[in-house]
Amino acid sequence: MNKSQKEQYLREYSILKAQGKPFFPYAVAKDALMACVVMACIITLSLVLGAELGSKANPTTTTYVPRPEWYFFFLFELLRVIKPPSLVPLATIGVPTIGMILLFLLPFVDRGPERRPERRPIAMFTGIFVICAMALLTYEGANAGSPTAIEMPTPTAIVQAGGQTLAEFEAGKKVVAQSGCLACHKIGENGNDGPGPNLTHIASRLPRQGIARTLVNPTAPMPSFKNLPPQKFNAVVSFLSQLK
Amino acid sequence: MPKLPAPPVPAALKAPPPRPGDGNGKATPLDHAAEAGISVVDWVDERTSLSGAARWMMFRKVPKGTNWFYTLGSATMFAFLSQAVTGVFLAMFYKPDPSGGAYESIRHVTNEVFLGQFVRGMHKWGSSVMVILVFLHMGRTFFFGAYKYPRELNWLIGVVLLILTMVMSFTGYLLPFDQRAYWATIVGVNINGTGPLLGPYLSDFLRGGPEFGAVTLSRFYAIHMMLVPGLIAALIGAHLYLVAKLGTTAPPWLKAEKNPELRKAKA
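Respectively, the protein sequence lines represent chains L and Z. Numbering of the first sequence is given in this note's numbering, commencing with residue 1 and proceeding in unit increments. Numbering of the second sequence is given in this note's numbering, commencing with residue 245 and proceeding in unit increments.
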């Protein structure tokens, strides 16, 4: 906006303002009604949904699936979608920081005199795109599976075998997911790539007995799983020995 | 003898008002009582001269055409006030003690204190309502182009308020110290730690050291209870001052100069 545009705006605005009504009581009445609506919403939410309190914090659990408050879901989902480790800082800090910087810069970037939405196509398109992206990410984040889950499809050979084999495979998948293996091992699309080796094709490198031996007597820092109940232990071994 | 006020009867039946000179011009104690409110305001105003500021704030004109979208800002402020009031009541019971006291005090509020669960529910859901209102208010400002000259500074203050609201939400999430709170906060702090340059320092500051420990909870508690609410209140003050000073925006589709009716009315 150059000087004459600024002056024109101020002139326009002073006319519109002179035409207006006093803040008290006209705007105050609307604001008060809105405040009542807000209060009614908060009270209704509190009465209907209440305030649950989960079990006490236990720093030693490894299976708990943390969930942020719903309005952070979009960040949470962003972190889930962006997998390559080199891009993770971008997802976690980069995107929010860039978002904040862009918000701060907005009035310095968009200095045109035009205020009507239909004549600001770039701003409108950007705004609507950001809203849609955040809504989509929030929705996806809300429906995201637990991060301690293995999303690998069951191989067709095992599905066809059915019965005992299939049941053991599925049970083993669940135990592996819940035992914190994914903290150090990658299995399919899930888990961290390191410090432990990638387990996606472990069965092609280690025979069944080798897998069982490693689980009982692993290389540090991996903990031993010899104290797992035998049924769970066998399920884990069957699952891992199918990963070819 | 003090007299009772006259009953609300039709004008024709009322006794005529006292003429000047009746009663020797002396105010009765009842007159003094009736004027008590005005006298108090006068007394304060004589010493502070606040009435000018109040008149400037309350009787400024709001442009033609403002609609319900313009109530979102004050609604956000109202949600903040509700958070402040319910937060004070929660603080009366809360103990920032990670070795069990924090969880126990919240359990006590939720299960045993009269209306405790209701007030905690209001505080918990009030935060969601406030975040929604902040975003709606920001959306209104964005789509109506209200961040443009001369209101750029107010937009900047608004962005800081948005960030502070998110900080409130993040720090408040830990305080109940249940599983959900604990693990979500660990993940959140670790996410901060992956940030470039300042990331590790920020997460060390939040944790109060390299490990999540006893200091962490009291740190979050102090940030949530004192630092950020104070900043928010001060910045809301600045935000409102600028709104009153610069005036509420008119809807962007209203153009006074091209509207002959409005031009005439000005002249």
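In short, the hints are calculated from the structure, not lab data. Note that the structure is predicted; figures quoted are calculated from it, not measured. Please note that a few of the clues may not be correct.
As the list claims (entries may be wrong) - Pulled a few chain L residues facing chain Z out of the computed Cβ check, cut under 7 angstroms:
id, residue
1, Lys-17
2, Ser-55
3, Pro-121
4, Gly-188
5, Glu-189
What the hints assert, rightly or not - Stretch by stretch, here's where chain Z covers chain L in the computed footprint (C-beta under 8 angstroms, at least three residues):
id, stretch
6, 21 to 31
7, 103 to 111
8, 206 to 214
9, 224 to 231
To be verified - What the simulated footprint calls covered on chain Z by chain L, stretch by stretch (three residues with Cβ under 8 angstroms from a Cβ of chain L suffice, anywhere in the stretch; the number is not a length):
id, stretch
10, 285 to 293
11, 346 to 353
12, 463 to 477
Every residue gets a Cβ at the ideal spot worked out from N, C-alpha and C, and that includes glycine.
Okay, the hints, checked on the actual structure:
no., hint, in the structure
1, Lys-17, "holds (5 angstroms)"
2, Ser-55, "holds (5 angstroms)"
3, Pro-121, "violated (13 angstroms)"
4, Gly-188, "violated (22 angstroms)"
5, Glu-189, "violated (19 angstroms)"
6, 21 to 31, "holds (count 9)"
7, 103 to 111, "holds (count 7)"
8, 206 to 214, "violated (count 0)"
9, 224 to 231, "violated (count 0)"
10, 285 to 293, "violated (count 0)"
11, 346 to 353, "holds (count 3)"
12, 463 to 477, "violated (count 0)"
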